[in-house]
Amino acid sequence: MKLALGPLLYYWPRARVLDFYEEVARSAADIVYLGEVVCARRHELAFEDWLAIGARLAACGKEVVLCALALSESEGDLKLLRRVTDQNPFRVEANDWGAVRRLAGREGWVIGPHLPVYNPRTLALLHGLGARRWVAPFEATRETVVGALAAQPPELEAEVFAWGRLPLAHSARCFTARRFGLQKESCEYRCLGFPDGLPLATREGEPLLVLNGVQTQSAAYYCLAADLPALASAGVGILRLSPQSEGALRALELWRDACKGALDGRRARDELAALAPAPLANGFWHGRAGGVLA
Amino acid sequence: MVWGKRRARCLRKESDAVELVCPAGSLAALEAAVDHGADWVYCGLRDDTNARNFPGLNFDDAALAAGIAYAHRRGRRVALAVNTYPQAANWGRSTAALDRAAAAGADAAIVADPALLHYARAVHPRLELHLSVQGSATSYEALEFFRERFGVRRAVLPRVLSLAQVEQVARSTRVEIEVFGFGGLCVMTEGRCSLSGWVCGVSPNVAGACSPAQAVRWRETRAGLEARLAAVLVDRYAPGERAAYPTVCKGRYQVAGEVYHAFEEPVSLNTLELLPRFAAIGVRAVKIEGRQRSAAYVAQVTRVWREALDALAREGARFAVRAEWKAALARHAEGSQCTLGAFSRPWK
Chain V
1 MKLALGPLLY YWPRARVLDF YEEVARSAAD IVYLGEVVCA RRHELAFEDW
51 LAIGARLAAC GKEVVLCALA LSESEGDLKL LRRVTDQNPF RVEANDWGAV
101 RRLAGREGWV IGPHLPVYNP RTLALLHGLG ARRWVAPFEA TRETVVGALA
151 AQPPELEAEV FAWGRLPLAH SARCFTARRF GLQKESCEYR CLGFPDGLPL
201 ATREGEPLLV LNGVQTQSAA YYCLAADLPA LASAGVGILR LSPQSEGALR
251 ALELWRDACK GALDGRRARD ELAALAPAPL ANGFWHGRAG GVLA
Chain P
1 MVWGKRRARC LRKESDAVEL VCPAGSLAAL EAAVDHGADW VYCGLRDDTN
51 ARNFPGLNFD DAALAAGIAY AHRRGRRVAL AVNTYPQAAN WGRSTAALDR
101 AAAAGADAAI VADPALLHYA RAVHPRLELH LSVQGSATSY EALEFFRERF
151 GVRRAVLPRV LSLAQVEQVA RSTRVEIEVF GFGGLCVMTE GRCSLSGWVC
201 GVSPNVAGAC SPAQAVRWRE TRAGLEARLA AVLVDRYAPG ERAAYPTVCK
251 GRYQVAGEVY HAFEEPVSLN TLELLPRFAA IGVRAVKIEG RQRSAAYVAQ
301 VTRVWREALD ALAREGARFA VRAEWKAALA RHAEGSQCTL GAFSRPWK
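In order, the protein sequence lines correspond to chains V and P. Once you know that position 117 of the first sequence is 117 in our numbering, the rest is easy, because the numbers rise by one and skip nothing. Once you know that position 320 of the second sequence is 320 in our numbering, the rest is easy, because the numbers rise by one and skip nothing.
This is chain V alone, in the form it adopts within the complex (with noise of 0.2 Å):
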């Protein structure tokens, strides 16, 4: 089982962002999903900043992947796009069809979670088109990966996000400017306060959401740990962990003994549910409401 370490989600300070993947090149991490996914007004690090990053990871032995962004609107975002498409020396994760589109006939750019790709012949279709990893919808549960995962060639990989908060939603507006009585276009870049977002709780006091300017995540952790025999049995090759502004490398690292069988899976859980500073679920996995801990 590999382990990649996802996007950051979050808009973090420019040196911040660099003293983090730093850390990062050391870490248990093989894979590394680079760029920004969420907001295209995100602007502490530029297009060359990640290509920089991405050498140097590289260089340190990490398999790196550049992400394209989950929801282009604009001719800017376009621009975005076809910089991280066209660029040459990283695999590319492609998060809407314009992605597809741009990556079609090339080989190895990855299904990202964004895109919906449920079954095995939406699957076999774009690997025809050169995807060479899939990476499953937040949404699935084992029977959809099984299903899916069904007569595909060996070389196709299936990547599972397995730990972090996850991005439920997106939108054309910014919560995170709402909540301030800003619009998107004049934001004031107020996400920069939030490392890891903003909470949003029931009017119950129950933590439900996390604002994360146009993204909209859970609250609550998802947690595969004790799943991993599961995932193994399903085909799953790849762990997709999410990075947060405390405990990422702390969480790789125990993955990486879970995943060696020096921890087991339920000790995993119980030492990881203590880096997280909310409730666990793995819902969806098991074909449940994806907020609850089965």
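Hints are computed from structural coordinates only; laboratory data are not their basis. The hints are all genuine.
The following label-pair restraints were derived from C-beta to C-beta distances:
| # | chain 1 | residue 1 | chain 2 | residue 2 | range |
| --- | --- | --- | --- | --- | --- |
| 1 | P | D16 | V | E185 | 27 to 37 Å |
| 2 | P | G282 | V | R250 | 48 to 58 Å |
| 3 | V | G130 | P | R314 | 47 to 57 Å |
| 4 | V | E75 | P | E148 | 15 to 25 Å |
| 5 | V | Q152 | P | H72 | 37 to 47 Å |
Calculated from the model, a selection of chain P residues having no Cβ within reach of chain V, i.e. all distances over 10 Å:
| # | residue |
| --- | --- |
| 6 | A69 |
| 7 | H72 |
| 8 | R219 |
| 9 | A279 |
| 10 | R314 |
| 11 | A320 |
Just so you know, even glycine gets a beta-carbon here, dropped at the ideal spot from N, CA and C.
For chain V, the structure is supplied; the task is to place chain P on it using the hints.
Below, chain P alone, put in the same frame as chain V:
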């Protein structure tokens, strides 16, 4: 009067007039849409192959055939929505839905899943293909992918683009553009939203339903009327406050010490005033949301939009929204409030 309207429409078809696409959750609603001037009616079958998979709603084969015959006799067209994302286990149900659409003589299928589009094109080449809003195509790059690969003729845009962005998209693709004109407003990009699945285990992509009634609980408490989806408190209403159906994106929550509608208020989309702009930028069709609504809703909303589109064709630049149209639509809006949604940049 209906006959006169029909003739007017036949004339319009040869021009570039904006087409009116109306919802039907029953044969009665389909007939109401046709009678009141829909150019297209869209509907779904009674299963999880479409995004309004609600009990008591939708069509069996006999009703579908009868509805299509009714529409065709009056020169209108019918599209069948097969717009959930099938998995290995229920793949056959979705292909069967496309077979049933073709057998019943539907004019088009509204589809989101690429492999299903591929199937429809290969097996039913005469069935026109429309990309569902669930297909989440928000750029011309995405639309061209579906046109080049599967021959998609028309696409329904997710409710995330501003007017300027719609114009840019329409200018840059050969796919016909359909936009939502009226009805329930998805705040999140359609086809990408797992909020309902997260809270209650039923999601539009997979099960064809958002916030299904069986997961909704209403309860009077001392603090007010509580609306829950599964166990989650979506909102609580003081006496006299108007309660809204509890979808996650329309609830009131606490964020950084404030209680408010963190995503959107319970409002409906209404773009009547944008009709001249839609026509000018090349929008081909306007869609009315609401297959889950009654035949009376379909009749009244279709009538207003037909009148507006006919007025637009007659009056061109002099077109103005009439007060009686606004009043009629407001009666059907969620919370009696309307918004331009993402079409208006300040909304974002």
